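K.L.:
What follows is each chain in one-letter form.
Number of protein chains: 2
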Amino acid sequence: MNEPNYYTVFLIAISLMLITARLLGELFVKLKQPAIIGEIIGGIILGPSLLGNLFPDVYKYIFPDDVHFRTAFDGLTYLAVIMMLIISGLEINLNLVLRQKKSAFFTSTIGMAMPFIAGFFISYWFHGIFFSDPAEDKIIFALFLGTAISISSLPVIARILMDMNLIRTNLGSTVIAAAIINDLLGWAFFSVILGMMGTSHGGGMPVLQQVTVIIVFLAVMLIGFRNIIEKILVYLQNNLTFPGAILTFIFTLGFLSAAFTEWIGIHAIFGAFIAGVAIGDTPVLREKTRDQINQFVTNIFAPLFFISIGLKVDFVSHFDIVIVAVILGIALIGKVLGAMIGARFGGFKTSDAAVIGFGMSSSGTMGIILGLLALQAGIINEEIFVALVIMALVTSIISAPLMSYFLGHAEKGEKFPGNLDDKSLFITEFTQKSELLEFLCSAAAAKSGADKSLILSEVLKREELIPTGIANGLAIPHAKIRIRKPVTIMAVNREPVDFEAPDGLPANVIVMLLTPEDKPELQLNYLSDIVKKFRSSGTVNELLRLDNKDKILSFLNSDGAGL
Amino acid sequence: MNEPNYYTVFLIAISLMLITARLLGELFVKLKQPAIIGEIIGGIILGPSLLGNLFPDVYKYIFPDDVHFRTAFDGLTYLAVIMMLIISGLEINLNLVLRQKKSAFFTSTIGMAMPFIAGFFISYWFHGIFFSDPAEDKIIFALFLGTAISISSLPVIARILMDMNLIRTNLGSTVIAAAIINDLLGWAFFSVILGMMGTSHGGGMPVLQQVTVIIVFLAVMLIGFRNIIEKILVYLQNNLTFPGAILTFIFTLGFLSAAFTEWIGIHAIFGAFIAGVAIGDTPVLREKTRDQINQFVTNIFAPLFFISIGLKVDFVSHFDIVIVAVILGIALIGKVLGAMIGARFGGFKTSDAAVIGFGMSSSGTMGIILGLLALQAGIINEEIFVALVIMALVTSIISAPLMSYFLGHAEKGEKFPGNLDDKSLFITEFTQKSELLEFLCSAAAAKSGADKSLILSEVLKREELIPTGIANGLAIPHAKIRIRKPVTIMAVNREPVDFEAPDGLPANVIVMLLTPEDKPELQLNYLSDIVKKFRSSGTVNELLRLDNKDKILSFLNSDGAGL
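As you go down the protein sequences, you meet chains R and Y in turn.
Counting with the working numbering, you get residues 1 to 563 for the letters of the first sequence.
Counting with the working numbering, you get residues 1001 to 1563 for the letters of the second sequence.
No lab work stands behind these hints, which were simulated from the structure alone.
Just so you know, these numbers come straight off a predicted model, no measurement behind them.
Hints may be right or wrong, so weigh each one.
Computed list of lysine to aspartate or glutamate pairs in EDC-like fashion (alpha-carbon distance at most 16 Å, straight line) [what the hints assert, rightly or not]: (1) K1288/Y / D314/R; (2) K1060/Y / D1314/Y; (3) K1288/Y / E287/R.
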């Protein structure tokens, strides 16, 4: 609080960054794109590329070249990226990886290997494309470019799958699980590269020692520490202020783990990320806490970081079409094809494998962070950084539309509430999930003519694999069985029943969906149609207020629902 | 991300501060004291006073005297205090001030005037107590000390009243309303002092102009802007991402308002605070958003700021017993007596006025922030700063115990569930608040023999004054009427009914409490006994699960409830 003027500018700069990020982020959300794309473009607009070129005086006033401003500003964006990586880690569910191990393993390894190998060899052999001068260390550069191109971005991928209502499907879980493996491998690998740099510059540890340290660190944090973390969390939730103590714990563990990895020569970001994974993976962390941290970090700190990317470099003068084309080409062809081939090996049919391929292609956040660190470490120059950011933007933008295209739409027209009638709509008061499911299966058996115990066992099998709580109090238990036409049974259950929805809310509206075994594509279409009706968080409460089936049916058929 | 070593230390310093603040804060909460006291003491331990004296090497490693570290660190604590003031402002409800205008006006004006006058004259006439050298400007110093001593700390006061279950009582509302007036006046006055300093140092505006600017700023923000802010909030809630867009709006408005006040020569903190008031006062701001911002700022940023106070000064070497005694004496006698006399004028009886007097005495946060700014502006020296911090700590610590003492405890023994029986406990399914209240009043009339319409009108009158939703799904509509013994009627209502609880949750358990008109002290005792049973957020849900009255009664009588 010593120099009013520099603080005034600091506040103005942060405000402008937040507003720009919000406006462009929302614009891209309206265009059905991830907000981060808008936020990065917002940074390019506010930065030297646009504002700096068009209105240099305004630009210099807002982002002065003053050591105090720069230091405070860098400190803040540094904290922002550390916090962002902590919450990215929190999102990661290692159990999901174990459940989907076969398909995820192939999708991720082949999906990484192809672009990595392509990136490595092209940048090694055709070094002249990237640098006119021979670079100091071709191998490090080639290793880095391979890694940067092959990494995928879990936060962006998760966002896209959520928006497409695919996140709870078999296909969605495979993509998420593969992206998790991809993230872990990518970061570990990048840390090794940084370590190698250290060696070649005379500091740091030898590569082998570096790799050992990383493996030990991972084992300690993800295996040894998990139980301890869980015990601490339980203790904190029961004995200290909730959720305050948990927030402190998450951030201090994240910061200390970050400081530790920085200290042993791996980057701080890796430590923050792994601490997040270790904490997020414990089942006791309540959804409310997660949500609270998420909202603040995602809405305040993440945008500050994404905007700051655009401030680092002049994207206009450092734009090199050849480098952009080469990197984008390797990324698109290598990643999509690699993940697609992997998914095919993992047991998916070709069209679904293509969906997975495009799902894995977006390198969003992670690619950019890696690029930024490499730029600061001197591994790459501005031209390559610009190309990596553009690659991240393009792969994130095309991901969703191409996934939709390959998903196809076998049947048109509204599928829900569709043919819901007196025999497929119920007002119930079950308190047990098992009883409720059994009741719904009986009704489904009566309606479809299929065997009740068969339906029940298929539904339970699906439920065990991944619980079917969606969000906003809605659950959609579902299965593919041998029937001719899809059957939907809906219960408005006056008691809340937990279906382990990602938002932590128990379900009051349960729609059971059975689709014909021989028309697998129907399931996704029906699922997404049902979810659409419940997009507003108030819909389930509206339904609970209605006291007879006719009112419920007319409400579902009205325009009110789903808006 | 350019200098790994400084960032490593930065992360370690922040982690240590967060951990220390948490541990000491929780310790003080267990001792039934506000957490902020522990946090400030934590800072004194981590700072030059203790760690710096005992282990200077460790201290210098964690908080290095490096310009980069200091700048990034100051930038972060600066942002922390700005955010803290924004949320302090959000808490302020100007309508409450209008409702309690008479009692609040007297309590606040006399409660400020007495310590201010005492502080002003003692520091002006007995200048030698504070400074051995004649200070540059005696008037500015005296004005400041008067203000710093007379300001009270809304966040701390609100916390204490909440812990004592007084916040929703008539007495509690008066204290809160008076503290709000006190805060607004104190900050406006301090801004004028800073402005005067500007003048006497050759910069800034003349005092009169300064005052005009402050009044115009307040009028624009609190009157002119309120409608616009409300419209913007409604638009954001309906059209953009919730709560993300709201978070961005709150912080950018707060930051920009802070930058504006800094720019016109008032301190940034004042602008942040007023922006918070303007936003928080709009009825559309949802409780969930408030909670999300609160949790993050209160648990991460506020502790960083409070710890940083201890880092500024060596509390051991700058401790001057005479200065501490004088300032503490003026504060205690002036503030408690002033507010007490004010409350007496405002219509409270003497014992309640004493409760209000001690309630108003804690100068906690605000006194410290004011002191810090004055220290940095050169108005006071380290000795006076140390005394102001000690004053803030002592007044906050003694506030709650002395309030309890004067509240007295007329009747001992457990009052709830007490004599709850088949005719005073009901399982209901009302959806309308009015119907529910009417039903409870009928039952109360049957049980007490009092006239039903009389009960209803008293209860509704109370409800209109301040809604009686408490928290965790509990509401306690209450009234004092002409009966001989207290009557409690309890409804476990299967439908949620909104009683405007501060946590935003609708009520499912409604306990109506009627106490004898001639024993006003009983009401508070009963109220706090009922609230105790529902301290755990799960109690209401437990009750909703029970399907008959006997189970409910035995649950209420068991140890399970209230723990």
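K.L.:
Are K1060/Y and D1314/Y close enough, with their CA atoms no more than 16 Å apart?
P.N.:
holds, 14 Å
K.L.:
Hint check: K1288/Y vs D314/R, CA-CA at most 16 Å. Holds or violated?
P.N.:
Violated, because 40 Å separates the two Cα atoms, which is more than 16 Å.
K.L.:
Between K1288/Y and E287/R, is the straight-line Cα distance small enough, at 16 Å or below?
P.N.:
The given pair, whose Cα atoms are some 14 Å apart, holds under the 16 Å limit.
Hint compliance for this structure: hint 1 alone is broken.
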